[in-house]
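**Q** Heads up: the sequence lines are chains H and G, in that order.
According to the working numbering, the first sequence is numbered sequentially starting from 1.
According to the working numbering, the second sequence is numbered sequentially starting from 1001.
I should point out that these hints are in silico values taken from the structure, not numbers from a laboratory.
It is possible that some hints are incorrect.
Derived list of chain G stretches under chain H, where covered just means 3 residues or more per stretch with a C-beta under 8 Å from a C-beta of chain H [stated by the list, open to error]:
1) 1013-1027
2) 1046-1056
3) 1084-1091
4) 1114-1127
5) 1246-1252
Glycine included, C-beta positions come from ideal geometry on N, C-alpha and C.
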Amino acid sequence: MTEILLRADAKTPVARSALGGIKWRGLLPYVFIVPPVLYLAVFMFYPLGRQIWLSFTNTRLMNPNRSEFTGLNNYERLFADPEFYMALQVTVIYSALAVILGVTVGMIAALALNRPFPGRAIVRAVLLFGWACPNVAASLVWLWMFNERSGVLNTIVTGIGLDRVAWLTTTQMALPSILLVTVWQVAPFVMLVMLAALQSVPEEVKEAARVDNADSLSVFRAVTLPHVMPTLQLVSLLVAVWSIRRFDIIYLLTGGGPIGSTSTLIVKLRQVAFENYDLGLASAYGVIGLILALTVAVIHALFTRHRLKRSQQ
Amino acid sequence: MTILTRALHALLILALVVFGGFPIYWMAVTALSLNSELYNTGQVWWPQIGNLPMLMADLANVPLVRWLANTGIVAVGTTVLSLTLGALAGYALSRFRFHGKGVIGFLLFMTQVVPEALILVPLYAMFISLGLLNSLGGLILANVGFSLPVAAFIIKGAIDAVPYEIEEAATIDNCPRFGVLTLIILPIIAPSLAAAAVISFFAGWNEYLFAATFLMDNTQWPASVGLASFIGQYETPLSAVMGAALIFSLPAVVFFLIIQRKIVAGITSGAVKG
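Sequences are here, hints too, so could you generate the full structure?
**A** See the structure below:
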């Protein structure tokens, strides 16, 4: 993302032709860029900086003005707290599985839709429902479907002769159930993006491979997969970052429970801030979540740079 | 393709359609069911259109119109502000070279990594002192922080594809640069603007966490908070809850289906709807 943005400097043909027309050193660019940047400074980066600062203080929600700088104290408390390691573990497991399952299901759907069949446009539209449905509405209907006594999932489960499942209320099932909803929301987006990437694979190259008697699996491995790999990595990055950030559906479906089994760092942040009134510690949770998301983004950037270098050789 | 792979392909498509479409279908079926069916006699599997008048009567007891009006105000405000500021940023990032451009691009990207919950408390404190707490205006200001960068990325990508010669001609004719943007560039990239508008609109439409935190007064509630208040509450019939959820979802689903291809084009230059 950023690298795409940064690369689009003077090297692109558009910008090169622009070289003739615009005085770079004038104030003109700033007339355009300052209002949005100022806006973000006030409503995004100031609060963000303030929150990071709070993580070094003992601020309480009830009397926010009486706080003092306590250095790394909150982080020491965090690293001594088993609940933090639990939340970190839940976040990592949840995000990793969201990427693996969401991208796999989305990629399979994209491959299935990449060949023409009657009704493809309708199928494609239906598959996008989960992505387009608002979080709150999605949470309401899934809560009802997960309902232990009357929910449709247990109707199906008991119908095939199995015992009722406590989808959201046991530590074993809560995270898998949340993941099911996550895949329902995320896989359509993966499908949408991968479908576009698959359709940009040059047909001649695939044709040439087929002439050389390659079977469809080797064509996929040798031609299609390398071609769509950058997009696949980008989509995986987005899904990972979104999973680390995700709040609404987890909060509405389980509230982080039972016994913290679905409490990611971000859900925990809200709980510590608004139920324990401990803003300092809550901020420390948030900072760790942010670092986690940034780490994923940096790893992706390194991968991309590595690939760009290789392709230039 | 052999018969077997054809059959497997059809089976796979069927499984995906059931998984993807069932929850929305179930909203509709539940909305058109009687409460006695839902909890006692067992669920009916098909929508019963005959129950529509009953559903309408139940929905009349839910302040859905007021919620949706609030949601509409938030969504429109978020869209107007995101697009205005996003167009300025997108144009500058596409057409100019200037000091700090790389940093600004990085900061825009950063906003997509920041969890909403992380800036919740400082925004809350700020809105108290600005008198923006408990107002839809404050909610809009908070939402735009996340949707402006997305709009900027999409608009930048679209302007990149417009040949610069078009602008040069206008600049020679002494058209001021701001006029170039509004009169020449924006009409050309109208489809991308529409995509950015839809994304911003439904970011505001769907937003829950800020709204649930900043608005105490339930006359100000948007539909996301109103609908979430049904969780754990048993006075409203479930059919009405699902009916309201369906009405709340339909505009989002319809518009996202319309602009889906545009979003794919936007994804290569920025992060979109999360």
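**Q** Any of the earlier hints contradicted here, and which numbers?
**A** 2
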